[in-house]
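All chains, full assembly: derive it from the sequences and hints.
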Amino acid sequence: MAQTILVVDDAAFMRMMIKDILTKNGFEVVAEAQDGAQAVEKYKEHQPDLVTMDITMPEMDGITALKEIKQLNPDAKVIMCSAMGQQAMVIDAIQAGAKDFIVKPFQADRVIEAIKKTLG
1 MAQTILVVDD AAFMRMMIKD ILTKNGFEVV AEAQDGAQAV EKYKEHQPDL VTMDITMPEM
61 DGITALKEIK QLNPDAKVIM CSAMGQQAMV IDAIQAGAKD FIVKPFQADR VIEAIKKTLG
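The opening position of the sequence shown corresponds to residue 1 in full-length UniProt numbering, with each subsequent residue numbered one higher.
In short, the hints are calculated from the structure, not lab data. Hints may be right or wrong, so weigh each one.
The calculated EDC-like cross-link candidates involving lysine to aspartate or glutamate, where the alpha carbons are at most 20 Å apart (straight line), are [claimed, not checked]: (1) Lys77 - Asp100; (2) Lys70 - Asp35; (3) Lys67 - Glu113; (4) Lys99 - Glu68; (5) Lys19 - Asp92; (6) Lys24 - Asp35; (7) Lys44 - Glu68; (8) Lys44 - Glu28; (9) Lys44 - Asp92; (10) Lys99 - Asp49; (11) Lys67 - Asp49; (12) Lys77 - Asp49; (13) Lys19 - Glu68; (14) Lys44 - Asp20; (15) Lys99 - Glu59; (16) Lys24 - Glu41; (17) Lys42 - Glu28.
Quick list of simulated restraints, FRET-style, between CB atoms [claimed, not checked]: (18) Asn73 - Glu28: 25 to 33 Å; (19) Ala11 - Gln87: 16 to 24 Å; (20) Phe13 - Asp109: 16 to 24 Å; (21) Lys24 - Leu72: 14 to 22 Å; (22) Glu59 - Gly26: 13 to 21 Å; (23) Gly85 - Glu45: 27 to 35 Å; (24) Ala2 - Asp109: 26 to 34 Å; (25) Ala2 - Arg110: 18 to 26 Å; (26) Ala12 - His46: 31 to 39 Å; (27) Gln107 - Pro74: 27 to 35 Å.
Bear in mind that the values here come from a model prediction, so they are computed numbers and not experimental data. Note that beta-carbon positions come from the ideal geometry of N, C-alpha and C, so glycine has one too.
And the structure:
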């Protein structure tokens, strides 16, 4: 069975790009969310194997959403997605329990490497 992934980004274009990379590599994108609050709801609903989470989003940012998901499931696997120059936020995310991070614009091989490493 394909491993399931929740894709979270406020930009539809970015969600489409990452979804494309994932599906071409045999992963199943079970849901998408455009902000942190939606991400937490979709996580509860689908219990995906992994979440790709944008850091800066409206409503609720990715780090807050990460912390909420970790409260629901301490074993949740979350990979943060950040634009260049967000190093401080990436450090916060790793301290909050993120497993890895990928930098935008996405490079397919780096995305897949991070996901395979995280899923073990």
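A quick look at each hint next to the structure:
For a cut-off of 20 Å, the pair hint linking Lys77 to Asp100 stands: about 9 Å separates their Cα positions. Distance restraint check for Lys70 and Asp35: the Cα-Cα separation of roughly 16 Å lies within the 20 Å cut-off, and the hinted pair is therefore satisfied. Only pairs whose Cα atoms come within 20 Å are accepted, and Lys67 paired with Glu113 is rejected, the gap being roughly 24 Å. Restraint check for Lys99 and Glu68: satisfied, since their Cα atoms lie roughly 15 Å apart, inside the 20 Å limit.
Taking the CA atoms of Lys19 and Asp92, the gap is near 25 Å; set against the 20 Å cutoff, the hint is violated. Between the alpha carbons of Lys24 and Asp35 the distance comes to roughly 24 Å, so the proposed pair goes past 20 Å and is violated. Distance check on the hinted pair: Lys44 and Glu68 sit about 11 Å apart at the alpha-carbon level, within 20 Å; holds. Of the pairs offered as hints, the one joining Lys44 and Glu28 holds, with about 17 Å between alpha carbons and a cut-off of 20 Å not exceeded.
Distance check on the hinted pair: Lys44 and Asp92 sit about 23 Å apart at the alpha-carbon level, beyond 20 Å; violated. Proximity of Lys99 to Asp49 is assessed by CA-CA distance (about 13 Å); at most 20 Å being required, the pair is judged to hold. For the suggested pair Lys67 and Asp49, the alpha carbons sit about 17 Å apart, so the restraint of at most 20 Å is met. The straight-line distance between the Cα atoms of Lys77 and Asp49 is roughly 7 Å, inside the 20 Å bound, and the hint therefore holds.
Under the criterion of a C-alpha separation no larger than 20 Å, the hint pairing Lys19 with Glu68 is inconsistent with the structure, at around 23 Å. Note on Lys44 and Asp20: the hinted pairing is violated, with a Cα-Cα distance of about 24 Å set against a maximum of 20 Å. With a C-alpha separation of about 23 Å, the suggested pairing of Lys99 with Glu59 is violated against the 20 Å cut-off. Proximity of Lys24 to Glu41 is assessed by CA-CA distance (about 26 Å); at most 20 Å being required, the pair is judged violated.
With a C-alpha separation of about 15 Å, the suggested pair Lys42 and Glu28 falls inside the 20 Å cut-off, and the hint holds. A C-beta distance of roughly 19 Å is found between Asn73 and Glu28, which places it outside the suggested range of 25 to 33 Å. At roughly 20 Å, the beta-carbon separation of Ala11 and Gln87 lies within the given 16 to 24 Å, and the hint holds. A hinted range of 16 to 24 Å holds for the C-beta pair Phe13 and Asp109, which are about 20 Å apart.
Taking 14 to 22 Å as the suggested C-beta distance range, the pair Lys24 and Leu72 does not conform, at roughly 29 Å. Distance hint check: the CB atoms of Glu59 and Gly26 are about 31 Å apart, inconsistent with the given range 13 to 21 Å. Between Gly85 and Glu45 the CB atoms are about 33 Å apart, so this pair conforms to the stated range of 27 to 35 Å. At about 19 Å, the CB distance of Ala2 to Asp109 disagrees with the hint of 26 to 34 Å.
Range check, Ala2 to Arg110: Cβ separation about 20 Å, and the 18 to 26 Å hint holds. One distance hint, 31 to 39 Å for the beta-carbon pair Ala12 and His46, is violated here, with the actual separation near 19 Å. Distance hint check for Gln107 and Pro74: the Cβ-Cβ separation is about 30 Å, which falls inside the suggested range of 27 to 35 Å.
In this structure, the hints that do not hold are numbers 3, 5, 6, 9, 13, 14, 15, 16, 18, 21, 22, 24 and 26, in rising order.
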